[in-house]
Every structure is written in C-alpha cells, then in structure tokens.
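Novice: My request is simple: use the sequences and hints to build the entire structure.
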Amino acid sequence: MPGHIPRLPGYPFASRWFSRDGLRQHYLDEGDGAPVLMLHGNPSWSYLWRRLIEALRGEHRCVAPDHIGMGLSDKPGQDRYPHTLASRVDDLDALTAHLIADRAAPDRGWTLVMHDWGGPIGMAWAGRHPGRVARLVVLNSAAFPNPHGPRVRPALRLPLWLLRETRLGERLFLRHHAFARLATLPPFGVRNRLSSDVRAAFLAPDDRRGHRVAVQRFVHDIPLGPGDRSWPLLLRAGESLAAFADRPVLIGWGLRDPVFDPLMLREWRRRLPRAQIHAFRDAGHYVLEDAHDRLVPAIRAFLRH
Numbered sequence: 001m002p003g004h005i006p007r008l009p010g011y012p013f014a015s016r017w018f019s020r021d022g023l024r025q026h027y028l029d030e031g032d033g034a035p036v037l038m039l040h041g042n043p044s045w046s047y048l049w050r051r052l053i054e055a056l057r058g059e060h061r062c063v064a065p066d067h068i069g070m071g072l073s074d075k076p077g078q079d080r081y082p083h084t085l086a087s088r089v090d091d092l093d094a095l096t097a098h099l100i101a102d103r104a105a106p107d108r109g110w111t112l113v114m115h116d117w118g119g120p121i122g123m124a125w126a127g128r129h130p131g132r133v134a135r136l137v138v139l140n141s142a143a144f145p146n147p148h149g150p151r152v153r154p155a156l157r158l159p160l161w162l163l164r165e166t167r168l169g170e171r172l173f174l175r176h177h178a179f180a181r182l183a184t185l186p187p188f189g190v191r192n193r194l195s196s197d198v199r200a201a202f203l204a205p206d207d208r209r210g211h212r213v214a215v216q217r218f219v220h221d222i223p224l225g226p227g228d229r230s231w232p233l234l235l236r237a238g239e240s241l242a243a244f245a246d247r248p249v250l251i252g253w254g255l256r257d258p259v260f261d262p263l264m265l266r267e268w269r270r271r272l273p274r275a276q277i278h279a280f281r282d283a284g285h286y287v288l289e290d291a292h293d294r295l296v297p298a299i300r301a302f303l304r305h
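So the sequence shown is numbered by full-length UniProt numbering: it starts at 1 and just counts up by one.
To be clear, the hints were calculated from the coordinates, so they are not data collected in a lab. Treat the numbers as computed from the prediction; the structure is a model and nothing was measured. Please note that the accuracy of each hint is not assured.
Each pair of labels, with its calculated beta carbon distance range [unchecked claim]:
id	residue 1	residue 2	range
1	P147	W17	34 to 40 Å
2	R151	G109	38 to 44 Å
3	R80	P187	34 to 40 Å
4	P159	H129	32 to 38 Å
5	W161	L203	20 to 26 Å
The beta carbon of each residue, even a glycine, is placed where N, CA and C say it ideally should be.
Specialist: Rendered as structure tokens:
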C-alpha cells in the first residue's frame with residue numbers, strides 16, 4: 001500500500017510494494033509518460049535515483065525498485081530467498097509484468113537505466129523483452145564478462161577473497177556493515193564526501209545484522225568465471241547487447257571508479273558504438289552523487305530527443 005517514508009533528504013516519494021512468493025518488493029512509481037526503469041546495484045537502493053526522479057517525473061513515469069533484501073523491500077535470509085542474479089531477473093520480470101497488466105504501464109517504449117548490478121540484471125531482463133526497451137542509460141556497470149580476463153586484478157584479489165571466502169568477511173558484512181560504509185566514503189564509492197544525512201540515508205535500510213544478508217550475497221554471486229552459478233546468465237546478458245546497438249544509448253561514467261574502470265567503459269563503447277558518452281574525471285562509482293549537476297541534465301536532454 002502507498003505511503004511516505006519520512007526523514008530521508010531528497011526522497012519525498014510515495015512508496016509502493018509488490019508482493020510475490022510471500023515477499024514484498026518496494027518500488028517507486030512517480031510521474032506520467034514513457035516509463036524509465038531505474039535499477040540500482042550493491043550496496044545501494046532506490047535512494048540513489050532521487051535526483052533523477054525529481055528531474056524526470058514531470059515528463060516521464062519513473063519506476064525504481066529496491067531489489068529483494070535491499071532498501072525498503074523485505075529482507076529474507078538465505079533459507080528464504082536464493083539471492084542470485086537469476087532470482088533478481090525473475091523479480092524484475094514479475095514486477096514489470098504487474099505494472100503492464102495491472103497499473104497501465106505500456107508494453108513498449110521503456111528506457112532502462114542501470115548502475116552496478118543493475119547492468120547484468122537489466123540486460124538479462126531486456127534480453128527476454130528486446131521489443132520493450134527503447135533506450136539504454138548505463139552508469140558505471142557491466143553486463144558482460146570482465147574485459148580484464150578471467151583472473152581477478154591484483155588490487156581486487158585480496159578484498160574479494162576476504163569478503164567471499166573468510167569468516168572475517170562475514171563479520172565485516174553482517175556485524176560491521178563495512179562494505180556499505182566504505183562505499184559511501186571517498187575514495188571508495190565517491191570522490192566527494194557525502195553530507196552526513198545523505199550518507200545516513202544510504203545506510204538506513206540496513207540498520208541491523210539481519211538486514212545485510214543481500215549485501216553479502218551480492219558479492220558472493222559475482223560471476224568471475226565459468227564455475228560461478230551466475231556465469232551463464234551473465235554471458236547471455238552480454239550477448240543480448242548486440243540487439244540494442246541500434247538504439248539510443250547514453251553512458252555516464254565516473255572515471256575514478258576503482259572497480260568499473262576505463263577498460264569497462266571501453267568495452268561498453270565497443271559493444272554499443274553509437275552511444276553518447278559522458279565521462280567525468282572527478283567522479284567515482286556513485287557517479288550520480290559526484291557528477292549529478294552535469295549528468296542529470298544530460299540524461300534529461302537525452303530522453304527529450
């Protein structure tokens with residue numbers, strides 16, 4: 001049922017929930033016009049899109065779900081929900097089908113906006129419905145195997161091993177919320193320090209240990225090679241990009257991202273050679289935080305043409 005979530009700066013939106021398999025998924029549905037579907041990654045939530053929604057909802061219908069276990073959605077444990085890329089795509093498929101069947105959303109003409117894990121989730125969904133998506137907006141993400149090759153880069157090898165394979169990693173995730181806390185600090189996720197109330201808003205939904213399982217499981221599910229369960233779906237998502245090479249694409253990229261680096265951007269450009277590129281040397285992973293003053297107007301102008 002709709003409601004308002006108080007005390008979150010810049011987030012004056014009516015909340016909605018979609019129930020499926022006994023779990024409630026929170027989403028925003030603001031404005032009228034051609035739909036713009038905004039997909040966050042890990043460890044963020046729909047709060048990431050607040051400025052873009054404010055800018056677009058006068059002309060577009062802005063839909064921004066929180067993945068199960070994230071944001072204001074239900075937070076099931078590992079025994080209740082699989083926390084896999086495939087389950088995320090199925091969730092998105094069910095939500096968009098509900099919006100089309102029951103909430104008068106159109107079957108075609110959607111703009112897909114993707115950040116971080118939103119890339120593989122969004123492109124795997126778009127691959128199921130290629131006629132539905134009219135435009136793509138890509139922000140510091142990937143929807144294809146790592147262009148660096150199968151070996152994890154040296155700078156990431158130790159952190160990933162620590163987070164995925166050790167008891168210390170589990171404590172850092174669940175007890176100390178270290179991954180999300182670092183992601184909201186420079187130089188890790190941002191280059192410019194967030195205000196204390198905005199940083200608190202990013203962290204607010206994961207306020208206790210039992211609410212942090214999805215943040216941990218997203219990292220465990222990163223498909224690094226053929227032995228990982230989400231690898232085949234990532235490959236299919238990458239293959240689906242060829243079907244969108246002739247459609248309007250905007251890529252907004254923070255060049256100071258320690259994970260989604262310029263080689264990732266180059267791979268997007270190779271696969272979508274007609275894309276409009278906005279690259280920001282003073283922005284990091286959360287490019288919509290560091291460069292919102294330039295990126296939000298660029299996206300709005302892109303959607304007007």
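Novice: Could you run down the list of hints and mark each one as holding or not?
Specialist: Against the structure, the hints:
1. Checking the proposed 34 to 40 Å range against P147 and W17 shows it holds: the Cβ atoms sit about 38 Å from each other.
2. Take R151 and G109: their Cβ atoms lie about 41 Å apart, and the range 38 to 44 Å holds.
3. For R80 paired with P187, a C-beta distance near 36 Å keeps the hint of 34 to 40 Å intact.
4. Taking 32 to 38 Å as the suggested C-beta distance range, the pair P159 and H129 conforms, at roughly 35 Å.
5. Checking the proposed 20 to 26 Å range against W161 and L203 shows it holds: the Cβ atoms sit about 25 Å from each other.
When each numbered hint is compared with the structure, no violation occurs for any of them.
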